[in-house]
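Visitor: Residue numbers (this note's numbering), protein chains in the order written: chain A, 844 to 1511; chain B, 844 to 1511; chain C, 844 to 1511.
Among the clues, some could well be false.
Chain copies aren't distinguished; within one or between two, either way the pair holds.
[To be verified] Here are the simulated DSSO-like pairs of lysine-lysine, each with C-alpha atoms no more than 30 Å apart in a straight line: (1) Lys-1081 / Lys-983; (2) Lys-1005 / Lys-934; (3) Lys-1390 / Lys-1410; (4) Lys-1304 / Lys-892; (5) Lys-870 / Lys-1304; (6) Lys-870 / Lys-1347; (7) Lys-1005 / Lys-892; (8) Lys-1347 / Lys-1429; (9) Lys-948 / Lys-1098; (10) Lys-1433 / Lys-1410; (11) Lys-1005 / Lys-948; (12) Lys-935 / Lys-1005; (13) Lys-1316 / Lys-1429.
Just so you know, the hints here were simulated from the structure itself, not pulled from any lab data.
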Amino acid sequence: MSYISKPYILFGGDFNPEQWDRQTLEKDLLLLKNAGVNTLTLPVFAWAKMEPEEGRYEFDWLDEILDRIEAYEMKYFLATPTCAQPAWMSKKYPEVLPVDIAGRKRTHGMRVFFCYNSPKYRERAAAIATVMAERYKFRKGLSGWHVANEYGTYCYCENCQKRFRQWLVERYGTINSLNEHWHTTFWGRQVYSFDEVMLPTELNDDYRFNPTVQLDYMRFVTDSTIECYENEARILKKARPDLPVFTNISGYIKKLNQFKMVPHMDVAGWDNYPWPTDDPGFPAMKHDIMRAANGGKSYYVMEQSPNQQNWQPYNKIKRPGEVRRIAYQGLAHGSDSSMFFQMHQSIAGQEKFHGAIIGRNGDGNTRIYREISELGEELARLEDRFVGGRTQAEVGILFDWENWWALELTSGPTKDMDYLQEVFRYYKPLYDMNVPVDMVHYQDDLSKYKVLIAPMLYMMKDHIGEKLDQFVKDGGVLLATYMTGYADENDRCVFGAYPGPLRKALGLWVEETDALRPEEENTVCIGDRTLGICGFLCDLVQLETAKAEAVYGQDFYADRPVITSNKYGRGRAWYIASRLEYKVLKQLIKGLLKSRRVEPLFESEGQVEIAVRENKKGKTYFLINHGNETASVDLGAGYYGNLLNHHTMQGEIFIAAGDVLVLMPVHN
Amino acid sequence: MSYISKPYILFGGDFNPEQWDRQTLEKDLLLLKNAGVNTLTLPVFAWAKMEPEEGRYEFDWLDEILDRIEAYEMKYFLATPTCAQPAWMSKKYPEVLPVDIAGRKRTHGMRVFFCYNSPKYRERAAAIATVMAERYKFRKGLSGWHVANEYGTYCYCENCQKRFRQWLVERYGTINSLNEHWHTTFWGRQVYSFDEVMLPTELNDDYRFNPTVQLDYMRFVTDSTIECYENEARILKKARPDLPVFTNISGYIKKLNQFKMVPHMDVAGWDNYPWPTDDPGFPAMKHDIMRAANGGKSYYVMEQSPNQQNWQPYNKIKRPGEVRRIAYQGLAHGSDSSMFFQMHQSIAGQEKFHGAIIGRNGDGNTRIYREISELGEELARLEDRFVGGRTQAEVGILFDWENWWALELTSGPTKDMDYLQEVFRYYKPLYDMNVPVDMVHYQDDLSKYKVLIAPMLYMMKDHIGEKLDQFVKDGGVLLATYMTGYADENDRCVFGAYPGPLRKALGLWVEETDALRPEEENTVCIGDRTLGICGFLCDLVQLETAKAEAVYGQDFYADRPVITSNKYGRGRAWYIASRLEYKVLKQLIKGLLKSRRVEPLFESEGQVEIAVRENKKGKTYFLINHGNETASVDLGAGYYGNLLNHHTMQGEIFIAAGDVLVLMPVHN
Amino acid sequence: MSYISKPYILFGGDFNPEQWDRQTLEKDLLLLKNAGVNTLTLPVFAWAKMEPEEGRYEFDWLDEILDRIEAYEMKYFLATPTCAQPAWMSKKYPEVLPVDIAGRKRTHGMRVFFCYNSPKYRERAAAIATVMAERYKFRKGLSGWHVANEYGTYCYCENCQKRFRQWLVERYGTINSLNEHWHTTFWGRQVYSFDEVMLPTELNDDYRFNPTVQLDYMRFVTDSTIECYENEARILKKARPDLPVFTNISGYIKKLNQFKMVPHMDVAGWDNYPWPTDDPGFPAMKHDIMRAANGGKSYYVMEQSPNQQNWQPYNKIKRPGEVRRIAYQGLAHGSDSSMFFQMHQSIAGQEKFHGAIIGRNGDGNTRIYREISELGEELARLEDRFVGGRTQAEVGILFDWENWWALELTSGPTKDMDYLQEVFRYYKPLYDMNVPVDMVHYQDDLSKYKVLIAPMLYMMKDHIGEKLDQFVKDGGVLLATYMTGYADENDRCVFGAYPGPLRKALGLWVEETDALRPEEENTVCIGDRTLGICGFLCDLVQLETAKAEAVYGQDFYADRPVITSNKYGRGRAWYIASRLEYKVLKQLIKGLLKSRRVEPLFESEGQVEIAVRENKKGKTYFLINHGNETASVDLGAGYYGNLLNHHTMQGEIFIAAGDVLVLMPVHN
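So that you can see chain A by itself, here it is in the shape it has in the complex (with noise of 0.2 Å):
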């Protein structure tokens, strides 16, 4: 599973030694490795600095840092720096400046700040990626490539442009075919050749107003940034296969769809930088969406913060034990990696005032260093108890890039579309009942889980619809919501009346769908008794082969359903027409994991998160208690040993506030 020769858990992160004198680079590395850092990346941003010229390289004083890193018996995975091209390359080629959704030429500066689609571009990275592969590819540090930075941009110029057309005759073969995938009838928007297809900015408003030529553009940047990212990563795979090829996925990562990207990659590599106002269950739902861009398998955190951020409005200080936590949580959901950005602090730039395992003090005097060193034992410790590890989920919650854009695209029903915040709202019961769930790509096998939650599968597409019908028949239980069924891939609504392909295993359809205001709810009654509220979007259904489980109780659609279920075939449907609040939720969530037999992984009391991985040396339980109280857990029968500090445990256990155990069942 791991492309490293022995397994273990890969602690360290971005290091940037070209800031440093020689003295700092030697103090820096002895405290790394006394932290238990045993990989590092890099040179990010090094570009500028190793090719001061077209084609005139100086890698000399890397090689020399790389000398030291292996003397101090790290491994680093060797980052090609083509995420910030030198200034001397945007002066001499603008094109590889990119055009802003303005329509405005960029200027040199900013990082990730290059057209993806241009040709010089990609031919000065290959360039680059050659002579790193070349020169690197058998030292004996070098764990794996890590291709470029966040990719991310949107650029807008005029070979972009073209691209797009070309993109557009390769999807479509005829414009008579994009001109009926694209619906163009509707306001008029017919083309004759493809060259009359502007790109969406905002220039034409089309980038809000057109989803269709909008949802096309972000396919197309997607392919584009893939592209982009192989024309380094081949070359690099080239020069060592056995070594993994990846980049590290920003941490916001809604533009790029990663679902798509990551499968060219060996491994997903993402960057996790939880906001201190995060449910604690939020990082872990994107933790798990990871995951499922990585197939299952297990994936990469290449960035965490050690400390504070600068970028947020108010960059709260990790609480002690916190950084712990957010290292483990990853570890929990799927990651062999608790990477750190960064290593030392920068003197300089926009992010100066960014956490960092060594501080502005430069030794190893600080709480964060301390903290970072006693996880760097501990993990240590670990060794490969649950590397490679891989998580069973009987529940599975649909997850989709395309329906996220295409929803938050969407004019109307309501202003309030946040599709990443909804889905949530489905995960963190099941979260908060320790039951693992699998974000499930549309593509997946479906016949693996008792349980489905489709939360607005507004877009529907490659059947799909079918898949779940048939998952339904198949004696699943399905769960789907409002906003479900709408459109097909281009955002049209082929389907008749929703929820389109699943009208007959949902066995109803929605006539119209009331927008409320924050302030706004409706409730929830079976018969005289209220089961709490709901609101955003309030679907008026008329039931088919359904049955009403719950109804409205205000406004003039009082006592229209607003929970349903379909026996249909083997298994279940059950629809929701508005937003249930948690406890409502909570409740029906319950009776569906109950009807199929779904047990959670352990009962606890208290904010305590519950996950396990498995690999062939077994099972491995995460329990981190999020919360400023004692949590209790009841392990049941079995007996557990405490792998940090080799306890064994059985029946009700306690965690203090704050506190983490990772647990191996003993076999007694």
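Based on these hints, arrange chains B and C on the given structure of chain A.
Guide: Positioned in the frame of chain A, the structure of chains B and C alone reads:
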């Protein structure tokens, strides 16, 4: 009055059959026919389909659709499709694309997205209008011509710059005259040639910091848009002089002076999209403004939504009966039509969540289809009872587009300047008292009114001051307010002290104006008695011949006048120096009405709107209960027949929550 | 000290007579004369009128106006009209128009709207300055020269790009030096030639994401603006070396470094526009900043509003007596003038709602004219009593423009960084205690102060750290705060641990900094006693030689120091690790003052401001009651004469709400 041989209420709306296959088309037409639809508007967005390349027209598909419509004995307005030029045209002739206020050349996309001054655009628009006119002028289903759709672009291209300078030459003759009218000595803005005048854009900030230039630019855009409309209208009119030609005015009506545009049309058509949060009286006032724009004659409501919109933040579905009330409100205020956007919900694009008579399910099994059908049946029964009917009002409210522009462009005294909402404050008490109101254009004959209200008549031009002075002298009662009599039509304060030309009639002048923050207020007092609160602006006036009717109760200007009246000639002029709270203002207006014996149509309790129209068949009263409670109306001694159910009623009657009555006097 | 032969208080302001006819002009001059006006500024915006085409000047109209002013025995500052070039110049020489931060070439319009580096602009500005100097230099009314108006444009044109590179060559010499000072190894920003440096704009986002470049660009703009000012000033100075040359500084003073600009002027002139919502102490601090900019010498208030502004959201009229208090506040803090914008309200344009001495009614029958006249009469009576007077302060607050820039450019730790408001938090307790304060430039002699406060002295340059260290060693009391000692003048954190150069004097270092959201807070405790709250930022410090004077009461860092002091040499250095609430801070500062026996001018009760100036005629005390209640002041044993009414007073005296006393010590 009406161009239609046998008058009836137009019922139907926008039909975009180019989106549908034949089977759907046929099904739609049957459903529409069954719903009582008698008039369709088409093909608004079909230019690209109708003219696939320059000068080659494809009209067969439209011929066939018109045949089918006629087969169902429905009528139609033929729309020139010129609001959305084909992509090939934008590509071939970039001049048709506008330049935006930021100086950016737009690219093809969206709709209403052309330069209204482009010679090429006008040439192609005239060409297709000519072809359509010749081809369709004698079709039996043709009810009239609908030009383009919701004009409203502001263009800043080189050609517009050139034409603006020509327009200025025509307006001012000499550069000296322009300098004088623009008072260019302020901030050293003298110009020595018309070529030095630049459009007011974001590139010089004149669009917000130079109100004088911006005002003329807005006039220029209105004039240019009229030319653009006339470019097609004259062709259509020539083809069938007996049929009405018009365009539909966007519901957001600020940026084009409709009082200037509508006289160029045979009838005012407008798109009525009330917000869920609107006071019911607010769209009533907008209807009255449109009636005024049309010179008091009946007009057409060309668009309404049969259900939710898609472009509001929270698109609420219409409550049961709400569409009916909206429809009758338009008819009550002077519309001879109740047209809807749209007949069948689009399957793609920006508006696919917008309500339609026929929803996504494609059949009549929806609440909305049923409500529309019931409305259609009612309107058919009403026949021509009030078609062409007019409303005689004894009370007028002065309303002026250029005053609107100037007030909101002005820097100071407050940022909260909202002319439309402010005028509505004065409209609302009259609306609540069931007193018909004319929105009055400054060039109208004022002598027919007993009471005139002139809210914030900041801009005084064309002797409106003298006219109002004469109105009072002749016995009229005038109510003027803060922000009155400041500027001439070039936004120059040339009148000396405010309220300028009304100083004599009002018998006072304004020494200072205090601006209050939203959370601040003052009080309105008579002796020891506090009538209520006031705020927004507080004028400090010096009385000349006027007397204080009420004074401020707070701040350093306590005891200075806040309401004054002045006997002048045979009339009386009132001034309010601050925005009065509703109850105080209503009491004041009630007194004014009483002083001239202006009577309400009827006395009522509850949230009922009452309006009247009169044609040669007599008077028709509309009673619309917008509230959630039963309302009562005292019909007095007369007998009235409800045209909707043929019941006869007299004295105090009750109207169910949400219900509508349409009454005719019964002469027994 | 003063350039004016017989010193007196300048009273008058901006006069724009080119807007008026002769009759109005004559009436205005009489009114102004009667109001006590002695000095006018003109013709600020008349370039287009004065130079109708290139090189042809029309000055007759101005000659005549100056004649009339002199006939009334008033003086004037002649203003070069170069803040608003004529339209013909923008048309003929587009280079005079600036390019904005979005890369857009501006079109003619507005004012202060030129490229300060344009050779053509400078040529034409020098030309008209030369002609004016020659024509008017010996006019008897001439009091001095006023250059342009409120400089403040930021230009991003090609020429500025070129000149910025030259400026960098001069500053850094070699590209290696630039790379080092800019620490370009961060994010791979190395450049190999100065031609690779791009201006920081919206096109590369460097204006906000690359503080180092932005800082140098802001320095460059200041330097360029000084050149632009000198371009005219040297001509005017040469013509009449005995007369002062200066410009007026915009009330919003952030974007040009006034500490660098003012030394190029003979006197600082600034425009004082307090907001209705300002604490009365806030404009007092701004006055003190201007006094500091002028090296402690008296300066000129060139603009104030005699009544409301037009550009605030809610333009409140000045309360009775408010203009007088504003005027005396300026005089109290070091101004020798009380000048107003404007003499007569404009009839058009952006500022037509701005207050003026003569309002729209055109005569003296207004409250404002009367208040101004009374003020004029008072000022005349005060003669030269305090003209040229200086203020001796024992307490200083360090203030620095570049620190301001750098702090607010920094990304992290909090978005709520507002240097001016934060400095005011430390000014306010001193203001409230009637303790005179100098705003101190980092290059000033520090030895004259007993107590120095250095709020958020983030940027430490030119050995200010060593100077402050020495200050404490020599017996001074220093108060430093969070965000101290981070960066050098290139925003590089080169000092190791914070507070960098002050680490030894303060006896501690800062390990971490927590950012609190506005709704969050911590507490300040001594033992069991809670002194009050703190927030904004919370440093976690490690003490070295300092001792904790108070500790945090909350969060995981409870019991860690929040206030510390360190005996160092003969002085003591205090550090506050978090923003303290007012009462705690005041108590702390009171203790510091006491420790060095700094006494208030007088003890007072109520919202009274007390300031003092001293010239060769002795001390003058200003007592201004900004409150709505009577205030009391204890004058102690000495006797004082009120220069405004010649009353003599002693001991506890009472000042009516809103009143002003101007006292001189009476030696009896």
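Visitor: Compare the structure with each hint and give your call.
Guide: Outcome of the hint check:
1. Lys-1081 / Lys-983: within (17 Å within a copy, 74 Å between copies)
2. Lys-1005 / Lys-934: Both: 23 Å inside a copy, 14 Å across copies.
3. Lys-1390 / Lys-1410: Answer is within; shortest intra-copy Cα gap is 9 Å, inter-copy 73 Å.
4. Lys-1304 / Lys-892: between (47 Å within a copy, 28 Å between copies)
5. Lys-870 / Lys-1304: between (55 Å within a copy, 28 Å between copies)
6. Lys-870 / Lys-1347: Between copies, since 24 Å is at most 30 Å while 67 Å is not.
7. Lys-1005 / Lys-892: Between copies only: 25 Å across chains, 33 Å inside a chain, cut-off 30 Å.
8. Lys-1347 / Lys-1429: within (26 Å within a copy, 58 Å between copies)
9. Lys-948 / Lys-1098: Close inside one copy (21 Å) and across copies (27 Å); limit 30 Å.
10. Lys-1433 / Lys-1410: within (18 Å within a copy, 65 Å between copies)
11. Lys-1005 / Lys-948: Both. Shortest intra-copy (16 Å) and inter-copy (19 Å) distances satisfy the 30 Å Cα cut-off.
12. Lys-935 / Lys-1005: Intra 22 Å, inter 17 Å, cutoff 30 Å: intra and inter.
13. Lys-1316 / Lys-1429: Within one copy only: 25 Å inside a chain, 66 Å across chains, cut-off 30 Å.
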